[in-house]
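Asks: With the hints as constraints, model all of the structure from the sequences given.
Sequence lines, in order, name chains A and B. Numbering-wise, the numbering used here puts 99 at position 99 of the first sequence, and it's gapless, one number per residue. Numbering-wise, the numbering used here puts 517 at position 517 of the second sequence, and it's gapless, one number per residue.
To be clear, the hints were calculated from the coordinates, so they are not data collected in a lab. Treat the hints with care, as some may be off.
As the list claims (entries may be wrong) - If we take Cβ atoms under 7 Å as the criterion, some of the chain B residues that face chain A in the derived model are:
{"#": "1", "residue": "S58"}
{"#": "2", "residue": "A60"}
{"#": "3", "residue": "V62"}
{"#": "4", "residue": "A66"}
{"#": "5", "residue": "Y68"}
{"#": "6", "residue": "D69"}
{"#": "7", "residue": "T92"}
{"#": "8", "residue": "A94"}
{"#": "9", "residue": "S137"}
{"#": "10", "residue": "G138"}
{"#": "11", "residue": "H411"}
The structure displayed is predicted, hence computed values, not measured ones. All residues carry an ideal CB built from backbone N, CA and C; glycine is no exception.
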Amino acid sequence: MRTFLRALALLMLLPLLALGGVASAAQSTPATTPLRIGVAPHSSARVILEMYQPLRLYLEQALGTPVEIVTAPDFTEFARRAVAQQYDIAITTGHQARLLQTDAAYRPLVTYQSDFKAVALVGPDSSYRNPQDLNNKPVIGLSASSLVTLWGQHWLIRNSVSNTTMRYVSASDSVGQLLLKGEGSVGFMSLANFQNLQPAVRDRLRVVAESLPMAGRVYLLNQRHAKRYDEIMAQLRAFADTPEAKQYFSRYNLGGYRALEPRELVALEPYANEVRLTLKQPK
Amino acid sequence: MMRLHLPWRTVRGRLLMAALLVEMVMLALLVGNSLRLLHDAMGDQAREQADQIAPVLSAALVAPLAQYDYATVQAVLDESHAIHGIEYLAVTDASGEVVATSGWPTGKALPPVTGDFNLDADTNPPRYDMALPIRQSGQTLGKLQFGLDLTRILVARKQLVTQGVLIALSELLLSAGLLTLLGLLITRQLSVLTTASLRVAQGQLTMEPVPEGQDDVGRLGAAFNVMSRAIAERVEQLTRANQETADIAASLQDRNRELALSHAQLSAENAIRLQTQQELEEALQRIGDRNEQLNAIFELSPDGFVAFDRQQRVKYANPAFHRLTGLSTSDVVGLDEAGFSERLAQACQPKARFPGLAALLEPPNSGRGTGHGPRHQIELAAPIHRVLQVALRESAAESVSQILYLRDVTHETEVDRMKSEFLSHAAHELRTPMVSIYGYTELMLHMPFKEEKRKEVLGIIYRQSELMIAIINELLDLVRIEERRGQDFEFQAVDADALTRQVVVDFGVPAGRQSPLMPAPAGPLWVRADRNKLMQAVRNIVSNAYKYSPDGGDVSVSLLQAHPDQPGRLGIRVRDQGLGMTPEQVARVFERFYRADTSGQIPGTGLGMSLVKEIIELHGGTVELHSEVGQGTEVTLWVPVTEGPPPALPMATA
Numbered sequence: 001m002r003t004f005l006r007a008l009a010l011l012m013l014l015p016l017l018a019l020g021g022v023a024s025a026a027q028s029t030p031a032t033t034p035l036r037i038g039v040a041p042h043s044s045a046r047v048i049l050e051m052y053q054p055l056r057l058y059l060e061q062a063l064g065t066p067v068e069i070v071t072a073p074d075f076t077e078f079a080r081r082a083v084a085q086q087y088d089i090a091i092t093t094g095h096q097a098r099l100l101q102t103d104a105a106y107r108p109l110v111t112y113q114s115d116f117k118a119v120a121l122v123g124p125d126s127s128y129r130n131p132q133d134l135n136n137k138p139v140i141g142l143s144a145s146s147l148v149t150l151w152g153q154h155w156l157i158r159n160s161v162s163n164t165t166m167r168y169v170s171a172s173d174s175v176g177q178l179l180l181k182g183e184g185s186v187g188f189m190s191l192a193n194f195q196n197l198q199p200a201v202r203d204r205l206r207v208v209a210e211s212l213p214m215a216g217r218v219y220l221l222n223q224r225h226a227k228r229y230d231e232i233m234a235q236l237r238a239f240a241d242t243p244e245a246k247q248y249f250s251r252y253n254l255g256g257y258r259a260l261e262p263r264e265l266v267a268l269e270p271y272a273n274e275v276r277l278t279l280k281q282p283k
Numbered sequence: 001m002m003r004l005h006l007p008w009r010t011v012r013g014r015l016l017m018a019a020l021l022v023e024m025v026m027l028a029l030l031v032g033n034s035l036r037l038l039h040d041a042m043g044d045q046a047r048e049q050a051d052q053i054a055p056v057l058s059a060a061l062v063a064p065l066a067q068y069d070y071a072t073v074q075a076v077l078d079e080s081h082a083i084h085g086i087e088y089l090a091v092t093d094a095s096g097e098v099v100a101t102s103g104w105p106t107g108k109a110l111p112p113v114t115g116d117f118n119l120d121a122d123t124n125p126p127r128y129d130m131a132l133p134i135r136q137s138g139q140t141l142g143k144l145q146f147g148l149d150l151t152r153i154l155v156a157r158k159q160l161v162t163q164g165v166l167i168a169l170s171e172l173l174l175s176a177g178l179l180t181l182l183g184l185l186i187t188r189q190l191s192v193l194t195t196a197s198l199r200v201a202q203g204q205l206t207m208e209p210v211p212e213g214q215d216d217v218g219r220l221g222a223a224f225n226v227m228s229r230a231i232a233e234r235v236e237q238l239t240r241a242n243q244e245t246a247d248i249a250a251s252l253q254d255r256n257r258e259l260a261l262s263h264a265q266l267s268a269e270n271a272i273r274l275q276t277q278q279e280l281e282e283a284l285q286r287i288g289d290r291n292e293q294l295n296a297i298f299e300l301s302p303d304g305f306v307a308f309d310r311q312q313r314v315k316y317a318n319p320a321f322h323r324l325t326g327l328s329t330s331d332v333v334g335l336d337e338a339g340f341s342e343r344l345a346q347a348c349q350p351k352a353r354f355p356g357l358a359a360l361l362e363p364p365n366s367g368r369g370t371g372h373g374p375r376h377q378i379e380l381a382a383p384i385h386r387v388l389q390v391a392l393r394e395s396a397a398e399s400v401s402q403i404l405y406l407r408d409v410t411h412e413t414e415v416d417r418m419k420s421e422f423l424s425h426a427a428h429e430l431r432t433p434m435v436s437i438y439g440y441t442e443l444m445l446h447m448p449f450k451e452e453k454r455k456e457v458l459g460i461i462y463r464q465s466e467l468m469i470a471i472i473n474e475l476l477d478l479v480r481i482e483e484r485r486g487q488d489f490e491f492q493a494v495d496a497d498a499l500t501r502q503v504v505v506d507f508g509v510p511a512g513r514q515s516p517l518m519p520a521p522a523g524p525l526w527v528r529a530d531r532n533k534l535m536q537a538v539r540n541i542v543s544n545a546y547k548y549s550p551d552g553g554d555v556s557v558s559l560l561q562a563h564p565d566q567p568g569r570l571g572i573r574v575r576d577q578g579l580g581m582t583p584e585q586v587a588r589v590f591e592r593f594y595r596a597d598t599s600g601q602i603p604g605t606g607l608g609m610s611l612v613k614e615i616i617e618l619h620g621g622t623v624e625l626h627s628e629v630g631q632g633t634e635v636t637l638w639v640p641v642t643e644g645p646p647p648a649l650p651m652a653t654a
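Replies: In structure tokens form, the structure reads like this:
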């Protein structure tokens, strides 16, 4: 009888012990793990860190957890890390967003209200009159996986420009400098980055082509945070109403956040496929 | 026997040891301070170097850390490690995990960073560890830690210590030699002096002189020779002086004995002085008490006093003086005799002015020697009419020459006046019937009368005698009542209704007049009264009612109960319809010997109403009188009511 009672008591205690263990595990693991926001390297690392500090600070306070802004050496490496689920929130170009949506189960959150366009630029001494003038000429782009570079390559193909040599640089500033020095016949960058160039550089460059509006930088949430989608979406909208966010949107001509159109990312599938192919190539 | 002294027990040896000790301390301070300055300078240099390196490395590491490009981080560290003087570098990410090291074994825990610059730490080689966070725009990306090699500083410090100690030892040896040599040169002659001094100390005052010379030590020897001779002379002088001192001591002891004797005498005298002082203080205390009593007497006395000083000026006037004369102290203090007399005379009525102080002085040839002169009466007009008796008393005191004394005799004077007036009235009233009796008896003695005439004259004499007896009786009643003030009254509960009815019944109504009208009895009405005295009073006013209504008219008697104007009293009212009185007559009706009848036709003594008033007031009541000429008079005696006696118990029947 006594043995039976002991066994019964042990059975009653087991659920409690299990609950205690779960609770302690829940308390210990995620408390200090920061929320990692990966930002595609559309600018230098120092500029990216500075640009996204208001968002970082706001989310840290709102979510009650540390938040860190990270980037990658280039777009391709960024895409590779994103696909490897290294980011909790990814902020990247539309075509990479499409890739992450389809291949890594990220869920799109918002994009900016301002249109994202890519432009093709030539230097002050360029003899460019039509795309055919670019045959056999050096072309300057950002990372091979960047949207503006892929758009530029598609633009060259659509205009039957052949036998060009691509040169990749790390930042839009470098594209502008190389064009001024005459080391490239045409270069590609986003319209926003072109407008943010130093006036001495920007005013000497000439826009020869401009893309249709595309989804620029898209915020995506990693699938492991699917349950917090509404919460994080709400915090992003709340952040958009703060004075810091308005200053940020104003400074970078971003207009604010907006929801993505239903098939907006689907339209970028061709460019996403280019990235997918790049990722499949060995390093 | 001279003793040999060890080197450190000599002046020379001690000077040498002291000099060497000071030099050792100074050298130790010098070397120690140099080491401290080196330590601080090297520490500052290491910190400056670290501060120069840190920002550069931090800036270089921001981008690769943000990009998670740890290969670049490693490259930066490897490149920096090549800089001479940096022993190791390490970078940890934001979570604290080491992501790259250079010069530090992989997997080995990084050394703790205290921030202290310590050359004597256990680390080999010695190292200065420093760590700083790598931040960008407020975001912490990781931490950079590196160690600076301090081996070169240690070597420099070691060389400094070694060389410093060698130099210090050389310095000490050289100093010791030089100081020893100098000591020998300086103290050679001093040794001779020391030996000679020791002999002098042992009492050998006759010895060979020490060598003398022109230098310091030679002059010291000469001085020593002079000093030793002087000491010998002083010793002899001191011996003589000791003897003299002993003599003086003996003399002082004698002197002390004399002083002790004088001291005892002085103590006795002091005791006497102390006792005298105590007696003096007690006398002063008694004088103070006496003064206090006198002041109280002067302040409280109803009589006025004015004191004059030796210059014949008013020095003091007590409160009673002000109360009696209306002259305040400030009005009179300081006035001379003439001024004061004038001031007091102004306050008097012309018929009895203040005669002046001179008139109050005792005549010099009176021979009485009482100290005070004749007394005068003065009358003051203000503040109220007063009659004052004034007298002056001369004083033999130092500060007071004379005292003016004033006593209020207004009341006594008034009493005297009233007595005189009363006697005058009484004599006059008695003389009137006496004159008739005297005249008629004289006629009967000298003239023969017929029987009828004789009876008529005797009737007149009889009535006048009766009037005189009535006057004398009423006077005696009045005097008795005043003297006894009601003490012989036998107060008891008296039925006023029954008493009044008895007076009415017993009253001898004049011929042709009707008895007084009185309402039907209302039962006993108790008052507290002396039955006989109250009956006398009621009888008087009933008698007056008939006498002062010679033309007839009803006389009514009534009793008043619970009148609102006379609470607790019962009124016995008698009303006639006779002559009546003017208001002036009513005002004087209670005066003794006053009679409202001026015709002389109405008999009376003029004492009745005075007697009634005295009796009723001694009962605690009042007399109320209303009268109008031609209409009659109404007199009411208000007497205190009381409870009746307890009812008598019925006789028990067998």
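Asks: All hints are to be evaluated individually against the structure, with a verdict given for each.
Replies: Structure-based check of all given hints:
Given the 7 Å rule on beta carbons, the hint for S58 (chain B) is violated: about 12 Å separates it from the nearest Cβ of chain A. Hint status for A60 (chain B): violated, given a least beta-carbon distance of 11 Å to chain A, over 7 Å. For the restraint placing V62 (chain B) at the interface with chain A, the shortest Cβ-Cβ distance is roughly 6 Å, inside the 7 Å limit, so the hint holds. The closest approach between the C-beta of A66 (chain B) and any C-beta of chain A is roughly 4 Å, which is under the 7 Å cut-off, so the hint is satisfied.
Because the smallest distance between the Cβ of Y68 (chain B) and any Cβ of chain A comes to about 6 Å, under 7 Å, the interface hint for this residue holds. Because the closest C-beta pair between D69 (chain B) and chain A is about 5 Å apart, less than 7 Å, the hint holds. With a cut of 7 Å, the hint placing T92 (chain B) at the interface with chain A is violated, because the nearest CB-to-CB distance is about 14 Å. Hint status for A94 (chain B) relative to chain A: holds, with the closest Cβ pair at about 6 Å, below 7 Å.
Hint on S137 (chain B) holds. Least Cβ distance to chain A is approximately 4 Å, under the 7 Å limit. Hint status for G138 (chain B): holds, given a least beta-carbon distance of 6 Å to chain A, under 7 Å. The beta carbon of H411 (chain B) comes no nearer than 108 Å to any beta carbon in chain A, farther than 7 Å, and the hint placing it at the interface is violated.
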